[in-house]
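Throw the hints in and build the complete structure from the sequences for me.
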Amino acid sequence: MGNSQNVTIKGTKDGLLLRLDDTCSFSTLLKEIKETFTSHAHMYDAKHEVHIHVHSGNRFLTEEQIAQIQAVIDPNRNLIVDSVDSNVILKEEAERMIQENRMTLIHNVVRSGQLINISGDLLLIGDVNPGGMVMASGNVFILGKLKGIAHAGCLGDTSAVICASQMTPTQLRIGDLYRRSPDRDELPTEAECAYIDEKHDLIIDKLSVLKKIRPNLNRFAEGGILHG
Amino acid sequence: MGEAIVITSGKGGVGKTTSSANIGTALALQGKKVCLVDTDIGLRNLDVIMGLENRIIYDLVDVALGKCKLHQALVKDKRFEDKLFLLPAAQTSDKNSVNPEQMKTIIEELKKDFDYIIIDCPAGIEQGFQNAIAGADQAIVITTPEVSAVRDADRIIGLLEKAPIDAPRLVINRIRSNLVKDGDMLDVDEITNILAIELIGIVADDDEVIKASNHGEPIVMNPNNKASIAYRNIARRILGDSIPLQHLDEESEGIFSKIKRFFSIRS
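The listed protein sequences correspond, in order, to chains A and B.
Each residue of the first sequence is one higher than the one before, counting from 169 in my numbering.
Each residue of the second sequence is one higher than the one before, counting from 70 in my numbering.
In silico contact screen, one side only, chain A against chain B (beta carbon under 8 angstroms); selected entries:
{"no.": "1", "residue": "V277"}
{"no.": "2", "residue": "R279"}
{"no.": "3", "residue": "G281"}
{"no.": "4", "residue": "Q282"}
{"no.": "5", "residue": "N297"}
In short, the hints are calculated from the structure, not lab data.
We treat Cβ as the ideally placed atom computed from N, Cα and C, and that holds for glycine.
Right under this line is the structure:
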């Protein structure tokens, strides 16, 4: 083992977890990774593949550094780096993530000729009138009547959903799927949702099915609100 | 300082000019000093409906270009002493011969002398519309109970909400109670549900309105007509009076249908 306290290896059921110290210099780290695998070489020359997950703690790794680490962990010995993870990310990446996961609240009537286009989820309090259009890269939730056009997942996310208190749209669009509104004999009496099912059809259904088909809509499940 | 109110609709032929003439005249009948401004340059009509066509010497474009003073272009309606004036549109130019800045200056100047300036807006959402709303403080949107007119009104309301103008108010024009009753025409509730703005008047469809317009006498000058009463009520609501919207049908029915009507159709 020697002086390799900067690199620790832990076996998990998914493979090996390689924890890297985040205070030493990167060159020391590379050297120690190399030593670790050389000294344990006899353990890894088995015929089956070993999957490795690298976690760099609070150290930010550039693409180049990740490539260097991968090069050091010699792939010839059936070692495969599955993931390189870190506690820290770039500010711009964080901002992009916020953008994508943000829920934008708009309290307005979207009238004929008006277009709302946002990144992330849209929560609209008000109607979308015929001729009006709302677009979101995420989900679209409308507390009001949807009589115009709604486009959820407009950057291609086909798992996005559209919910409306009254689902009577001119058109529904999710991802790349465009559908004319269904012919109904009477107005729906309750709120409904629209999604793309496994056959790539656009379905309008009761709100209660959402929990089953899109369980990840719950944002706060891990934060404890639902646990409490 | 007076108030400038633009009368607009988006779609053509729903009764903007007729409504401008009648609302303006009704305000003058209430003793207010009113100036009607026709901004439909190239397709002027307001002067015809007011019966003032033969008295026009200068027009809006002349004022905007400085060819005459504002007061020289104003046409006085002698039926109302010093209460009602008209600033006519030019017939020989087009809508691009005036810009919003010039309109704003003209309306500001008129506001010094008048209680109300009623601006008759051309159809459409182009330059003419931008000119008409440039100097306005308030807006009244006219619609008829037709899907296309309501759609255009919705578009116009969206544009007005972006402009520095008070929240627009709605007049539903040419409603026909027999068609509404049979479910063949949009009813008042359906329209207000979609447009979601304050309703300040419902004007029944009436042949007398057309006859009166053709004679150059706005219908409000006839005190007994249904449409006239509706326009007078709109004028009083503009002045701030609270007047309940009235029933559409005047023929008497049984008490049950009266109650039913009370909950469904208002006028």
